[in-house]
Amino acid sequence: MTKVNSILIIDDDDVSNFIYKRVIESTKAANKITTFVRAREALEYLEETAKSAPGDFPDIIFLDINMPVMNGWQFLEQYQSSFQSKLGKRPLLCMLSSSVYQEDISKAYTYADVKEYISKPLTSQIMTNLLQKHFS
Amino acid sequence: MPTNKHLEKSNSLLLAARENGNLGLWNWDTNQDLLMLSTTFCDILEIPHSKLQKLEDLLDLLSHDDKESFRQVINDALKGNISFSYEAKITTAYEQSKFLTFSGDCLFDSNHKLVGISGVCFNSTGNKAKSIEEALSQNEEFTSKLLEHSPSALLIHTPDGIILYANQSTANLLQAPSQQDIIGQSIHTFTKKENHTTIRERIKSILKTGSAAPKFEQEFICFDGSILTGESVIVPFEWRGQTVVLAVVRDITEQTKYLKSLKSSEENLKELIKNTPLSLAMLDKDMNYVACSSKYLKDWWVKDEEMDMEKIIGLNHYELFEDVREDWKHLHKKCLAGETILKEDDFFIKADGKREWIRWQNTPWRDFDGTIKGVIIFTEFITKRKESEELIKENQAKLSTILENLPGMVYGCNNDPDWTMNFASNGSIELTGYTPEEFLREDDPISFKKITHPDDVDYVWRKIGEAIENQEIFEIQYRIFTKNGNIKFLFERGQGVFDKNGKMLSLEGIILDVSKQKAIEDRLRKSESNLVEAQRVANLGSWEWHADSKELSWSDEYYRICGLEPGKISPSFEHCIEMLHPADRKKAKEVFNQVLESKERCQLDARIIRKDNEIRYVTYRAELITDTKGEPIKMVGSLQDVTDKKKAELDLKESENRNRALLSALPDIIFILNVDGTYLHCQVPDRSILLLTPEELMGKNVKDLFAPEISSQFIRKFQTAHDTNTIQTVEYSLNISGEEMYFEARIVKYKSRQVLSVIRDITKTKKSELEAKESEKRFYKTFHISPVPITISHIETGELLEVNDKFLQLVNMPREEVIGASAIDLGFWAEDEDRTSFIAELGREGRVYGFDGRLRTKDNRIKDVILSAELINIDNKNCILLMIFDISERKQAENALINLTEELTASNHELRQFAYITSHNLRAPVVNIDTLLQFLDKQNLNNPVNTEVLEKIEISVDQLKSTLNDIIQLVAIKESRYEPDEKIFFEDIFEIVTKNLSSQIASSGAEFTFDFQEKYIMLKKPLLESIVQNLISNAIKYKSDKPLRIGVKTYTKGEYICMSVKDNGKGIDLSLHKDRLFGMYQRFHENIEGKGLGLYITKSQIESMGGKIEAESEPNIGSVFNVYFRVHKDQN
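As given, the protein sequences belong to chains A and B, one line each in that order.
Just so we're aligned, residue 0 is where the first sequence starts under numbering that gives the first Met the number 0, counting upward by one.
Just so we're aligned, residue 0 is where the second sequence starts under numbering that gives the first Met the number 0, counting upward by one.
Looking at chain B on its own, in the form it has when it is part of the complex (with noise of 0.2 Å):
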């Protein structure tokens, strides 16, 4: 029989084994050595039950040691008929390690024979104990090799901080030349002394839960000095017998130091987007603001809601701009992936339908580790830069339009030695045979000193040096090569361009093709060399005078020469002479005597005046003749004529002055005329372009080829040019092939009585004029049509030099009055600091967008505008053109709906205080009767106790009906409102009221002053009476001590009459109830009787009337309510 010894113990195990929570149940069978074992048995054992047949089964699982004395313990419980409990450590299926507790007790049947043994199992691995001691030794090596090695600092300390081990890493750390100086030393000769205390406190606190510290950031002083910022952990630790305390320690400072820098970098990026003068902003990766310039909120915030760069940071770009276009926001996310982009320009439509040209950039910006954060945008307005660009383009275009179309090459070249070129007309191809492109291009390009003719190439490089140097214009003529190698002469004019400082940038001039002047010229040269031929043969006169004689002979041809009939006279010096043009007879005798004193060979240019006034030009050659000794003999001498030679040389020189006259025109025709009309001569680069042949052309007037209106202006032109020698101009058209084609006739004089017209076709620039016009037109015709006032006026005077139908009628004012005057003529800014701030912002900015202002109409009303001004250029002018959107009506829109609101949330207000207070004032007297109803002793009838509760119960009856009396009053101002008006004079109110309350007023001695400066008012009289009531009768119910004076006063204040009642009475701290004063069932005095309700019922019934009450008091000097009422339209 189990003792109760053996219960006591076996209920102990049970208990630990419930405890344990993992119980199994086994029996074994002594006779048959069968084995019973519960589930929980097998789990325990993680072994099916099908192993484990028999007890034997049992002792295999356990170690070899345990097996033997497990059996042991068996076999000596079934020999002493006493129960066990064995420990055993057994291998689970899983080579898992377990303690297995086992207990037993004998079974005997009921002749108490043995039976068996049954038990419990548990596992009780939980004690824990007995594994860590093992895993402990079976691990010293491990973790002393893990110590040792460890990567990160470890130190093992006593809780003293006296280190007891410190592993190479911490040695390193702390640059202590070996592990050996860091042991024995104490933490604190490695810490700073403000942080001794929290280390302390750190160790105690471990020491006290046996688990971690968090990590703690300090610095550490190393071995050398040096500081170094590091974070540890501490852990409670036994080793080697004693509690001690591992720390592990991690360097930070690089870390802490990145951190500090990167936060500051960050700060910096943000201070300097700030207060960059570009418009950047930098936002987060959902697009909310970090920080942006004023620039950027200058260029891009057009709301009216206030916003800066404080407040713009957190608020998300999407929410405050809802018009980003898909594909920006599409691009934002590009950017966020890591991509810059850069668009140079890009536009979007702005609310007035106009394009903003914009460049913009969005770059992603990253934390310390790479990671994008965000996006900086970056964002620049082009609009203007864009819009010169693209003038400078159409001027350039124009340009080059003449240009291209120039007879002759217009050209432009690099100041090097080679001139390269840089510009190069169409003209080259006509003049050269080269196209410009062969000049310009990069390799080996066509240069001028290539193909100008070998024997000009000094001269012409030498006339452009000088010209150079002395910054002069340099004409020059030489011979070049064409492509083809004809040889043809050109005219070159040129200079060079410099900068201020006197640097030559570049050559610029025009070329043109002379070769036919050229051709004339060397066609007069052989004629000359001809003439002289045959004068020799035929046109040679000869003459000899003696010298003893002094007889002079001529030949025949001299007469003829001389308009003579040969022999018609005997020739004398003195005839010779006389025949001579007067300046030449000086120098004529002179050449004489010049022969007979030198006795040379010599030669004399005169002139013959033949006797029908006709000019010879003659030159006389002469030779002295000396005998032996050298005394003169005679002299002899030639006459030739060189009359037509002359010509020719004039001819040339004519020619030339057509050459320079042609040059300066830059011309397309030539014309040379008589003043009168005639066409004398005529040069025409291409024969094609005239209606008419030149030699068609020759002897008809101008009269016969044009319309009168053309012909008469031309003629009156040839005159002036001719009679000023100014140049003048003619502009005409022709319809030539069904299309209208344009001339400039210049018109220069050429000679006495003739003159140089020279024709240029003008089509294209004209065509371009007018069309320009017709741009212009349509401005105009928009500005005309425009629904928006708009003015343009000149910038220097303010002139208003055209308006449009909307402006005239924004200002009520006739045409003819506006224009030509200026806005501060007419008045139209109603306040000047506006013109003024919006002139400084035009002058500024160039332009100015949404301006706010307010504009004066004739009729002197005021309209809130809101005012776009840009500078425009028309005719040369600088002008504004100013828009002007009238917004008057939605300002008023405006107002009437904040006044609504204003009215609304008012009378709001007072609903809520009116149902609050009496709801109030009616529940407290009901929820009073009903616990009073409770109160009552309704048995007895008699008990004194219920004249007391029914007291109360009337006194809250009447409460109750008080507060329903006001609700009805005031109910009744309400709908008083639909009453009509009469009039009302203030006299007649105050006596009424005056003598309603004659007791009190009497009893109280009150002294009235009345001053009526207005007599009446229209107004509700039962209300006005209630109202005068309630303020006297106030005015008594708080006087003081003081006899009680009260003023009375009635006037106009703006567009109200108001109602003045003074008193010195108490009056009120208004500092104190100001916002109550006006309010229901408020009371300021308590041992005056009242509900509180007189002030509101009279601030409701002014209030019904479309009035206002108005209070000034101070204790113990007095109030004032002042009334005010709009004065009536009937009023006067």
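Bound-form chain A, shown alone (with noise of 0.2 Å):
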């Protein structure tokens, strides 16, 4: 089984991190599961980290869309102009919504660095998958 450092979850409902954060680790995808309810704090630890370990910079990104204050979309804008170059490997972003609205989805897919979209439920066959198609 394919295994990676780190995984960063950002959704502003308490349940959901706790569903996902169960799910990653009954396939022991990850060694460190980090999740925000706020994307500005998840920005922030992005830049804290990148700058302190850049070791430890999230391999993949799951991002809801529909947040408070700051929304997906805002955080995606955020995170491509902080980390346009900056970043030595690029994480595997992927969009993690209740939406299944085709609007959505066409709308994660121009951003570039948006590799994935994961409609909920997120199951461990989803996460074995994601794993197999990028990082085996």
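Since the hints were made in silico from the structure, they are not lab data.
Hints may contain errors.
Unchecked claim - Covered, in the sense of this in silico footprint (three residues per stretch, anywhere, with C-beta under 8 Å from a C-beta of chain B), are these stretches of chain A:
1) 11-21
2) 62-68
Unchecked claim - In the DSSO-like style, the derived pairs of lysine-lysine whose C-alpha atoms are separated by at most 27 Å in a straight line are:
3) B:LYS383 x B:LYS328
4) B:LYS1073 x A:LYS106
5) B:LYS633 x B:LYS586
6) B:LYS462 x B:LYS449
7) B:LYS765 x B:LYS702
8) B:LYS1061 x B:LYS1036
9) B:LYS645 x B:LYS588
10) B:LYS353 x B:LYS294
11) B:LYS207 x B:LYS192
12) B:LYS960 x A:LYS20
13) B:LYS937 x A:LYS27
14) B:LYS328 x B:LYS294
15) A:LYS31 x B:LYS951
16) A:LYS20 x B:LYS937
17) A:LYS20 x B:LYS951
18) B:LYS951 x A:LYS27
None of these values were measured; they are calculated from a predicted model.
For glycine and all other residues, C-beta sits at the position ideal for the given N, C-alpha and C.
Using the hints, put the two standalone chains together into the complex.
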């Protein structure tokens, strides 16, 4: 089973974060799972990590769309401009939303960094496939 | 037995054969010399099996050398019991050379007896080495010839660029004296420095791939320093044992230049088209626009959609102009096939039904090699020109009608020595017997010079010459010979026509027949001489005066002339003088003395006044008779009464005067009347046109002939003309043979108590005038029944001369208020700039079509109108014909539609958002619960994990409930619009809300200020309460560290009542969140409890009552929410 070092989850819903953590843990896909309910804080965390411990920079980022104050799209804008060329590796950015609207899905893929769009729920099967596809 | 080695070898052969894909099997029975071959074998050899029965048949296919050595190989194999492989060259049935590899193994029967050879055969031509070698040696001569004589420049150079070979074409191309001058040089000598790297790269690349490099366009430097553009292709090449590069260079200098100039000429053409003041468009073969002029767009583009010279490029003509006629499309096709089509006048019917005349030309345009690339369309609107041409034609027709009907001949002639005629009226036939055509024909035309009486020619030309020199009118009388040889006396009056520089353009005039007058004159002349004769016999008196006695004696005749009885008085000199007219007396004395002194014969014309006051004109003749010494003896003389002669002279003068009057009036019939209306004289060119003969007419009075209303008019005018010596005119109509005829009488004073009345038949003129009036009537009729409002106004004063009923309806004013007033007086123009630009355009273009304007009616309503105007001439006044198309209703409908569409778009957007958010907020917890249930340890319910999972399930269920409640609330708002409005006092509402929120208000310490300029409003009470509560609780919730102040104000703003709630709280950065402020589930403060639905619900509530909400906010300063409700119709 392929394994990555670090996974970052950004979702304003505590329950969802609880579930994701449990699912990812069950697949033993990562050494480290970090969750944030506020996108802005996640950004700050990423900036900090890139500076102090680049090795710990997440391999996978799961990002929700509908969040207060800073939603998924605003996060993506900021993320792209902040980490445009500084990073050695590009983390796998997955949108993880309960939205099943085609509009959202199409919009997600207009961002170069977004490689996957996953409609909730996140299952261990999806996790396994994701790792197989991108990290084996 | 085949050894292992054999097997190995045949294996490798088999492998090779299989790889080549063409393996044939063969078997030779040594005893019976029978050859067995597989079909593939025969295919390889291209020879049927029937022709290969024995080994020898096969060997015959081989070349002579091969045949023997292959036979040897087989024999060796048979002897040595070994396997073999031999490659031989064969010639197939189709004369192709092939290399075949035969391999074989000896076969033995069970007694180890040799029975034959079996093996495979394959086509090894694929190895090619041999055939290429051969081809090379065969083709070397050909190749070298090709190289040498190729029309292309061919160069062979080493990979380093040293030229090994160059053909004559290369030398020509590079302007080298000979091929030898190039060989040994580096190719870089002839190429540009900046291209050297590319050239090296290209060589490297072809040596690597072994195939040709693509064409490369570059500049070459020739021996004489000139530059040429060439296109080179290079291929790797084996030449004399080394790898070299073959370069083929083609000179494309001319082509490049041509292409460049072509491109620029095409661009120039496009620019030219764009900037030309003409209407031009350039289209490609598919009728898509390549370019067009601004005039073209101005002329043709009538749609509302904006169009400009850039935008039109690439658009299709037929798609832009759906109404292009089929015949025009057909002509476009013809043009694209190479024809240039010019149409001087064509027309199409415009939307308003009018004919628009155009002139157009379609010309194909081509590229450099003459291929048609499209069509250039030129158009010109010529309606105005066409109309004025028609008008001129009409006027000319009118003029010539008049001219053709004049008595006499009107002419125009060129300023050349023969005065060649360029115009002659029909009168020429009556006058000269010649038709106008005979005067005007090209070939030997009749000229007046030819027909003028030879005695008069000099006089005529001198008179005309003098008149031209002084730029005066000339009047001459002369004789001509008519066509049938008669002499006619003509009167001609004419003048030169000069341009503004004084250069004479032509000579024009009128010629009349005065033979009759001349005849009268002649008769008078004749009678004069007769009179003289008669008087000489009968009417000559004589007298004698004796010098010494001073005695005078008269003959009887003398007495009679003086009106005296002979011998009644004794004559004396004093008597003589006394009898004379006082004015003649002095002269008479002088003449008398003169005769005495000079002793010469003398003559005196004088007047004698008889006792009864009758004047006699007389001529005195006197002669002095002297003695031999010269002393006077007596004076003798005669007295001749010349009164009759004198009268005839006067008659002649009168007749001449009459002629002059006649000429100045260009008469048809001339009457001389007494001022009382009695006819005295009549001159008529054609007696039949009078109802009475001239004789019958004489002595009659106009009163006897005309109806009282006409005759009284005549007599009044006769009197006026006579008294004032002015021209008077009377127009009257008579019914002649059932037809209404119109006449014009021009009356001038002729002499004392007499007038000259010139009657002219003006029926034709009158009828066309009446027709014009009729058409004018028709115009006004159309004007009045037009469903489109129309006005006619005076261009200078703007005064409205006529308007139709539709216009009156449009502006809602009675006719009497409108006519005579100007548009400015009436304030029709809603905007002054509209009027100014409209008038400007009208002045500039002569007409205006489709002007968008706004018009004000009397009751101050504004109407959207489209105006079209044209300059017209009515009653010799320049007027504006203005048509007004009222598009207010259409505009209103359009606006209503736009509003409706906007509303629908907004509500659609909202609905989608609603569906999106609710589905999201419903789906998320459901999905979570689903996953959480899987986490539950159902076997061991006491597992501590379950507690945590159940806790999360509970949260998710709460979220689900909350979202469902939100939806229910929102649906309730949408439903509440059907509840009735009631009168609500703002003060009451705020009292209720502050009571509801009293605990929060108390804990926040908020202070309120109220300013209710509007006291109440008609609304749904529960909704307003909810709105106010939401706004106030928001203000409290998002308070800052400062003490909270909330200001509430109500006031009227336009058609709205505004309720504004202002706080000094945290505020929101609108530059970031403006779009989402009133959205669903939007939150802007992380640390404050909230679902982000409050403002969304508030907005929905406000909008459900037809209101709107706006926000102003600044972080850390505060927010203002302005809620607007439309003023209710029951408000006041």
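Worksheet item: Checking against the hints above, which ones are violated?
Response: none
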